[in-house]
Structure formats: C-alpha cells, structure tokens
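Given the coordinates of chain R, work out where chain L should sit on it, guided by the hints.
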Amino acid sequence: MDDLNLLGPQLALLIGAGLIIIVDLLLPIVSRQAYQGRLPLLSGLALLAAAGSLGWSLALVLTDERGEAFDGMISVDDFTLFFNFLFAAVAGAIVLGSVDYLARHRFQGEYLALILIAAAGMSLMAAGTDLIMIFIALELQAIALFALVGISKNESGSEATLKFLLLSAISTAITLYGMAYLFGLSGETSLDGIASYVANTDENRSALVLAAVFLTAGLGFKMAVVPFQMWVPDVYEGAPTPITAFLSVASKAAGFAVVMRIFLAALGEGLITTDWAYLFAAIAAVSMTLGNVLALVQGNIKRMLGYSSIAQAGTILIGLAAVAAEDPQLLLGTSSVVFFLGAYAFTNIGAFIAIIAISHKIGSDQIADYAGVAKRSPLLAFALAACLFSLTGFPPTAGFIAKIYVFNAAVQADLVWLAIIGVLNSVISAYYYLRVVLNMFARDPETDEAFTPSPYLGAALAAAVVGLFAIGIYPTPLIEASESAARVFS
Amino acid sequence: MTYEEALFYVIAAITVAGALGVVTARNVIHSALFLILALLGVAAVYVLLASEFLAIVQVLVYGGAVTILILFAMMLTRVRDIEGPLDGPQRPFAALAATVFLGTTVLAVTQTEWRGETDEATVVTIEQIGEALFSTWAMPFEIASLLLMVALIGAIVLARGEEGE
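The listed protein sequences correspond, in order, to chains R and L. All residue numbers for the first sequence refer to this note's numbering, where the first residue is 1 and numbers rise by one. All residue numbers for the second sequence refer to this note's numbering, where the first residue is 1001 and numbers rise by one.
The following block holds chain R by itself, in its conformation from the complex (with noise of 0.2 Å):
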C-alpha cells in the first residue's frame, strides 16, 4: 500500500481517464441528449483528476513520504514531487484551455484522456529511476501526443502528425541504443548501479562518452534542441493550439526531466562529467542562437513561439552545462534548471492561451493581424504582453528571475562567454517578442469590436499571468522548491 500511496498522484490523473472513457462510452446509452451535452462533465471530470493529484502530491509533501517504490522502478523524492505539481498544473490548464476548442469537435472524451494519460506518463519519467520504468513511460507519453497532434483531421494536421511520429520513433530508437550502450558496460538498468559503475571506472570512456551522445540525441528531440528541433515548427503549427502548448511546456520539461535523472543519477560522477557538460554548452549556444534567429523571421505567431521555444530550450541547457562536477555548482546548475522550468511553465501557458482566445476571435494566426488587439481586448493584450516579456526576461516577471539564475549558474561555472552569449539572445528575442506587443498596442484595430475570453480560458490566463507576477515578485519559495529538488542528485 505505501508504494501505491508514493504512485498516487499519477494514479489519480491514470483514474481520471479512466472515468472519462467509461462515462463517454455510456453516456449515449443512458440519454442521447446528455450525451451531446457531455463536455462540461468531461473537462469537470479532467479538472478534478488534475486537482486530485496536485492534492495527493501536496498530502505526500506534508506527511513528508518519500522514498523507492516498486522494486526501485521509481523514486518519489523532492525532484519527482517537483514534476508532480508541475504536470499536474500543466494538465489542468490545457484542459481549461482546451474547453472552447473541444466544442468543435469530437473525440471530446478521448482527448482528455489522452491529456491525463500524457500527463501521468510524465510525471512518471521524472519518477523513473530504472532504464526500463524510464523507457516505457517516455512511450507512454508520446503515444498519447502523437493522437492528440492528430486529432484534428485537416490537411497540416496530418503532415505534423506523420513528422512527428516518424522522428519520435527516431529518436527513441536512439535513446534506447543509449541505454543499451549503458546496459552492457554495467550489466544494470537501475541508475544506481550504473552510477556506481560508471564513478569506479576509468576504462572504457568512450563508450560511455557515445551513450551521453546517443542519450542526448534522442532525448534532445522531447527537448527540443538545435539539432533535434526539425519537427518543432511544424508540429507546433498543425496541432491544435492547446496541444501546441502542452507539447511546448510539459513534453520540454518532461525531456528535461529525464535528461537531468540520467546524466546527474547515473552519469554525475566520474570522468565523464566534464564531456558532457560541454556537450550541453555548445548544444545550448547554437540552440539559443539559432531559435532567435529563426524566430525573427517568422510571421505566424505558433511558428514564432515554436523557434522562441527552442531558445528557451538552449537557455535551459546553460544551467545543464554548468553543472560541473562539483558539489555547490551541483547544486546551483540543477536547481536553476528546475527553476526555469518551473518559470517558463507558467509564462508560455499564458501565452498560448491567449494567444487561443485571440486568435479565435480574430481568426487568424498571422502576428500582423495581431495589430490593435489592445483596443478591442485590453486586458488579453495585456496578459499576452506580460507573458512575452516575461519570455524575454524583463522584470518584475518571472522570466527575468530565471534567466538571472541560469546565467548566475553559468558564470559561477566559469563558463562566462556562455553567459555572455545568452544575454546577446535575449536582446535579439525581444525585437520579436516586443515586435507582437507593439503591433498589438500601438496599430489600430480594422473593427473595434470589443470581445472577451471565454471563462476558462479567462480562468487558466488569469492563474497563468497572476503565477508569472508573483514568481518575478516574490521567488523565494520557489528557489527553495527547485533547491530542495536539486538536492536529490547531490
């Protein structure tokens, strides 16, 4: 029982789906009409599923439960709890987000699910600590994406869903070489044994140097990292808006999850430490550099925050690559990673959903046809603008506390011409980002039709925008939920 009572957050998302399918499938039994008019009860059932589990992480940290579970197929300690909250909230906020566009379509009940199921299938990765568990529920959660990329039916829909899922199942054949490669030069699938192994070995580096290579690649794909981020703008601009923001944030921060459970479980001591590390820090230059620049260019505003998000990505990395070998650095680098994810979770929520509400009141993606937006929805323009700057890094938002962290992680690792090369980024990132505020505020609108979001996505934009102030205002307890978190690899 204490193992399922660990397991219990993902557990309640796993048993919301459940609910969803089985009341989808005999609702139309019971009442044709209630049937059509079933999505409250669904998104409900979601919305409570997504509570429940925060609620049981919450109850987990106040009766301080920690510990293995299963065999030492997972782990739930500050780091895992950490994630937990995260997918969780992520989860709730798609669903709210996704009210309005599900009203359109069908596959209502099954997209939901599939939201919860992701959900959990994340939250499992970050709990994983053995290969196998790991493997399995990186499969669980993007199969659940790749549906849901496909659920709506037109023509750049179906073009992403096939991107997505051929370089997926790239990729994951090239995480699972990886592992393979880890396997059999320790004989172990659990992390710790094959920590133990790789801090005693001083044979054999380039081997293990080829499976941080090959763990990279493949994980670098849910990362979203130059090279690995061919599908990004793609995919982000034929899935559904919602899902768009699901991939952008949970699947990135799933990716970094796992990325931070292997290489600081597994590969954080011994000689391999420092290959690696440079390996994240010229992945995290050339990531920054080239999503800003791309980004630039671009004049959808899905395609743009797909490039943005890729920058994003890279400055995540710098924190990765500080991680250097020693412990207070340890400490500083992972925890500054947690932090932004945290961070860049609420800000690019925001975001997306807005940009959801206003795109479907003026029917288009295009940033110029943005122009005015300010006149018609003060307040959505508003929380979209503080959401960008937040994205460039300006205070008092979140943003500007995490990019000061990572790079803050990053000069204390000596790694100051890294630094150096975020700060450049983040100048170039707000010409594009400024560029949606401007047009949003200084253009004037062809109508001046007022219009307001619906009420969920006024609710989810509102948490969104109220989290990103409070962070920027007040971070402390967040710094110390990432510093507790960092400590697990410590």
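If you're looking for bench data, these hints aren't it; they were derived computationally from the structure. C-beta: ideal position from N, C-alpha, C; glycine also. Just so you know, not all the hints are guaranteed correct.
Said to hold, decoys possible - Rough simulated footprint, nothing fancy, chain L against chain R, three-plus residues with beta-carbon under 8 Å:
{"hint": "1", "segment": "112–118"}
{"hint": "2", "segment": "134–144"}
{"hint": "3", "segment": "150–163"}
{"hint": "4", "segment": "182–191"}
{"hint": "5", "segment": "198–208"}
Then chain L, alone, in the frame of chain R:
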C-alpha cells in the same frame, strides 16, 4: 575460431543482408519479406545465446504477427512500387554522416570491455523470466498494458473521420 563463432558470423551476415534488403528493395512487399529475414536472424542470435524462449517470442511476435500485420496493411491500402528516387540532394551528406557514425560506433564497441564477456552463455529459464516479469518488473509491465490501451485509443482517434457521431 570456434564453430559457434563461425555460425554467429553467418547469421549476422544474413541479418544485415535482410536489413539492407528492407531499405533497398523497390517493391514494398519485398521490403516486408526482407524484414522477416532480418527478424528471424535476430531470433537465431537468441538461440545461439541459449535464450530459446526469447527466440520463440521473437519468431511469434516479430517474425510472425508484426510482419503479417504490415503485409495486411499494404494489401488493404494497395500501395504501389516506389517510383523514382526517395532521396534528394542530401545523399552525399547522409553518406558522410552514416560513415562517420559507423566508424565511431565500431571503434567504440571494439575498444570497450563489455560486461559479461564470457564463453558460457547464462541459461535463463521461462520460470525465471515469468517470476521476474511479475515481481521486480511488475510496474513497467502494468504500464505497458496501459500503453497498449493508449495506442488503441490513438489508432481509433486517428483512423476515424471528424464528421458524424
């Protein structure tokens, strides 16, 4: 070279030949048949490692079920032969990347001291596999069943049209 080693190289060569056939055949049905050859080759490697159970599963699941499914999918969707080249101007770069990749992997693999390099294969019985699957590995096993359900739902969602109830 012992006769087991010689046997291994023969099997490995057949497997690689099958895999090459999959990607070079113009006729997709031929590709699928080559795939069976490659997968059976892997099953033979399992036999060499004294893991008969794995070999049987490999033949039943991959050599049998999976390839039959692929053939059925082709039959139902009526795919034609591939006309014209599938690659573009990136061929030389791809060749370069593949060669570098192969070189690095071969170098790393041959220079490495792998765990469990012995002449004797460890025999694992079906009972041991079953016990491990339902005790230590019960959790991933359960998640795998969930994964299959998600795949089912996903397939239905992707296959059915947007219109109608």
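Inset, instruction - Give me the numbers of the hints this structure contradicts, sorted from smallest to largest. - result: none
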